[in-house]
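Starting from the given sequences, assemble the full structure and let the hints guide the process.
Residue-level listing of the chains:
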Amino acid sequence: GNSVTQMEGPVTLSEEAFLTINCTYTATGYPSLFWYVQYPGEGLQLLLKATKADDKGSNKGFEATYRKETTSFHLEKGSVQVSDSAVYFCAQGGGADGLTFGKGTHLIIQP
Amino acid sequence: DVKVTQSSRYLVKRTGEKVFLECVQDMDHENMFWYRQDPGLGLRLIYFSYDVKMKEKGDIPEGYSVSREKKERFSLILESASTNQTSMYLCASSFAGSSYEQYFGPGTRLTVT
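As they're listed, the protein sequences go chains A and B.
Going by my numbering, the letters in the first sequence line up with residues 537 to 647, in that order.
Going by my numbering, the letters in the second sequence line up with residues 18 to 130, in that order.
Some clues are possibly wrong.
To be verified - Computed cross-link-like contacts, SDA-like style, restricted to lysine to any residue with a CA-CA straight-line distance of at most 20 angstroms:
| id | chain 1 | residue 1 | chain 2 | residue 2 |
| --- | --- | --- | --- | --- |
| 1 | A | K592 | B | Y117 |
| 2 | B | K20 | A | Y575 |
| 3 | A | K639 | B | D55 |
| 4 | B | K74 | B | M44 |
| 5 | B | K74 | B | V36 |
| 6 | A | K639 | A | L555 |
| 7 | B | K87 | B | Q102 |
| 8 | A | K588 | B | E118 |
| 9 | B | K20 | A | Q581 |
| 10 | A | K639 | B | L58 |
| 11 | A | K639 | B | T103 |
| 12 | A | K592 | B | G57 |
| 13 | B | K70 | B | S104 |
| 14 | B | K87 | B | R61 |
| 15 | A | K596 | B | D18 |
| 16 | B | K74 | A | K592 |
| 17 | B | K87 | B | S104 |
| 18 | A | K588 | A | A563 |
| 19 | A | K596 | B | E118 |
| 20 | A | K639 | B | R126 |
| 21 | A | K639 | B | M71 |
| 22 | A | K639 | B | S104 |
| 23 | B | K74 | A | G577 |
| 24 | B | K20 | A | G577 |
| 25 | B | K20 | B | L58 |
| 26 | A | K639 | B | G57 |
| 27 | A | K639 | B | P56 |
| 28 | A | K639 | B | Q102 |
| 29 | B | K35 | B | E118 |
| 30 | B | K20 | A | P576 |
| 31 | B | K74 | A | G537 |
None of these hints come from the bench; they were simulated from the model.
This is the structure in structure tokens:
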């Protein structure tokens, strides 16, 4: 079946460091890909998405590119802030049968 | 803005009680979903619905049932709560179609004692 694999962390970085969170997926066909963020005590919020190969999703300084050849959708940000501390989920699919999520990556940014 | 609301943020119930978790969305979405979130396991799909009175089992439906009598409302029912159902429950909704993202409610943290 479909699956999503991402680094689980916690990932600890200093403020202004470069961030990469890896995500790879297995699926038949070409699923839509998503990154969600969950701040403490809250539900998940959509951060960005891409619906076809080579699409780049971006939001709030975060970017991810849909790479069909490597079945990857890595999340990047050039300079992280303390306020970016959260849990980040990579997901694939979408539509009536739900999303398949990775297990989440806990990101901690230290001042 | 899309709004998905859940009836309670925190809930404490006793073993054997019947528990109702309510979810309402205001964007006329066709699809609605219930997930549970546990440390180290991520999010797991319990049930989903793509239309009124329609329901489909997700990955972990055992011990749960659902009801969708109106398009905007999707209820999760624990017929006889057990301690292993202590978890964070997340509701989500989306338009039909594979490219549409899901919108999540704030979650209900359920503790069964």
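* **Structure versus earlier hints, numbers of those that do not hold, lowest first** => The structure breaks hints 4, 7, 12, 13, 14, 16, 17, 21, 23, 25, 29; every other hint is satisfied.
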